[in-house]
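Visitor: Protein sequence lines, in the order shown, are assigned to chains A and B. Per numbering that gives the first Met the number 0, the very first residue in the first sequence carries number 0; after that it's consecutive. Per numbering that gives the first Met the number 0, the very first residue in the second sequence carries number 0; after that it's consecutive.
Honestly, the hints are just simulated from the structure, not real lab data. One thing to keep in mind: the hints can contain errors.
Identical copies look the same in the list; a pair holds intra-copy or inter-copy alike.
[Stated by the list, open to error] The calculated SDA-like cross-link candidates involving lysine to any residue, where the alpha carbons are at most 20 Å apart (straight line), are:
| # | residue 1 | residue 2 |
| --- | --- | --- |
| 1 | K125 | F102 |
| 2 | K71 | E35 |
| 3 | K207 | M219 |
| 4 | K71 | L60 |
| 5 | K71 | N26 |
| 6 | K225 | L132 |
Number of protein chains: 2
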Amino acid sequence: MKIKLEVPNAVLRRLPRYYCEINEMSNNGVVRTSSEILATRMGLAASQVRQDLSYFGEFGLKGYGYNIYELKRGLGRIIGVYRPSILIVVGVGHLGHALLQNFNFYQEGFLIDAAFDVSAEIVGTKVNEIDVLSLDALDDYCRENHPTVAVLTVPRSVAQETADRLVAQGVRGLWNFTGVALRLPDSVFVENVRFSDSLLMLRYRITKHDEDLRRQQLRMQEQRRKESLK
Amino acid sequence: MKIKLEVPNAVLRRLPRYYCEINEMSNNGVVRTSSEILATRMGLAASQVRQDLSYFGEFGLKGYGYNIYELKRGLGRIIGVYRPSILIVVGVGHLGHALLQNFNFYQEGFLIDAAFDVSAEIVGTKVNEIDVLSLDALDDYCRENHPTVAVLTVPRSVAQETADRLVAQGVRGLWNFTGVALRLPDSVFVENVRFSDSLLMLRYRITKHDEDLRRQQLRMQEQRRKESLK
């Protein structure tokens, strides 16, 4: 299956969301779905879902809908989850720990067997079967295992230098949780995880709702006032 | 300042990103910026930035650009960060702990003085000056303090029941880190934090890059083969 060349960026950004939803349905034993069901789950129009998926391949049959297994395999192949490459976690504070404990890296196409930290208390322990190694061992580990992606969960103050060191060791992608805008060569892929965005969106939606309510109340007061003057 | 009524959803989704970027610039002492600079930071076209910001108010002057202070105040007011409301964190495992320790809730328009957990080891302690209370005390706390938003960092298995309990106590927004698709009344605002999306995007970008490279190599081999046949 080949991905068409010119997929708009907005559609591409939705690719992981589609994969997650379909994966979850698949895990729940669903075998068949429709653009309407997917649309509801994604918060999109059904026509948008059909258009989006058509960019990624010949999925779906009129009157049948989508076969979950085919869709999962097709999108998974485009994303590359069936060719797992090696990932490491750098920084095992609370956030790194939470990711090691709860996140299913394998499902996203990554193998992990090591995490790195500087704290003597945690180096030498295991979290969820994964060895926590000393940061001193990072370069040796990279030379031997060639990790493709590093999860960056170190403190802000050492984010840039740690990223530089990882890139020098051949790491090609960074999943950056530090909140620092890293300066890196163009050849390195970075995804910045920004928690703030969604909390600000929540804040905005509540503010907007309150204001709409207040405006409505003012309009009703005004109307009552006018009526009482009649 | 009034927000125009029909802001497209895609523009609205970028509002928090704009606010974060501008806030960071402001924290770094920047007083003036341009649509070009913002565009680079946001990964957008400068024309898109000008159009986006025009939805939110009369920002920017031709030949001057944008005054950071005005932009921050204007967008902040629309989001509602200057009318802080109360937020609580429910679930102080590693992830809850990481958020309490590192996240600047006040900057996003929220006041926090309490977090909740069931573990006897952590109840009664403080994380970053914030009291960790027993989950048994949740209902009393809500009746007295009327929190607007709850950060949900409990285990998946109790996500729905905890959300139901929070909603019954009048919480109006949930920042959901549990990965569970919560079933809640329409009147409750939910923002689901999905780590996976950005890691899958990273996976995809690396896969795509490798495939492009491989195709290019095949093309070059083919060309060399043809040339050698001449």
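Visitor: Decide, hint by hint, whether the structure agrees.
Guide: Hint check:
| no. | hint | result |
| --- | --- | --- |
| 1 | K125 <-> F102 | within (15 Å within a copy, 27 Å between copies) |
| 2 | K71 <-> E35 | within (17 Å within a copy, 39 Å between copies) |
| 3 | K207 <-> M219 | within (18 Å within a copy, 57 Å between copies) |
| 4 | K71 <-> L60 | within (15 Å within a copy, 49 Å between copies) |
| 5 | K71 <-> N26 | within (11 Å within a copy, 44 Å between copies) |
| 6 | K225 <-> L132 | neither (74 Å within a copy, 51 Å between copies) |
Of the numbered hints listed earlier, the single one contradicted by the structure is hint 6.
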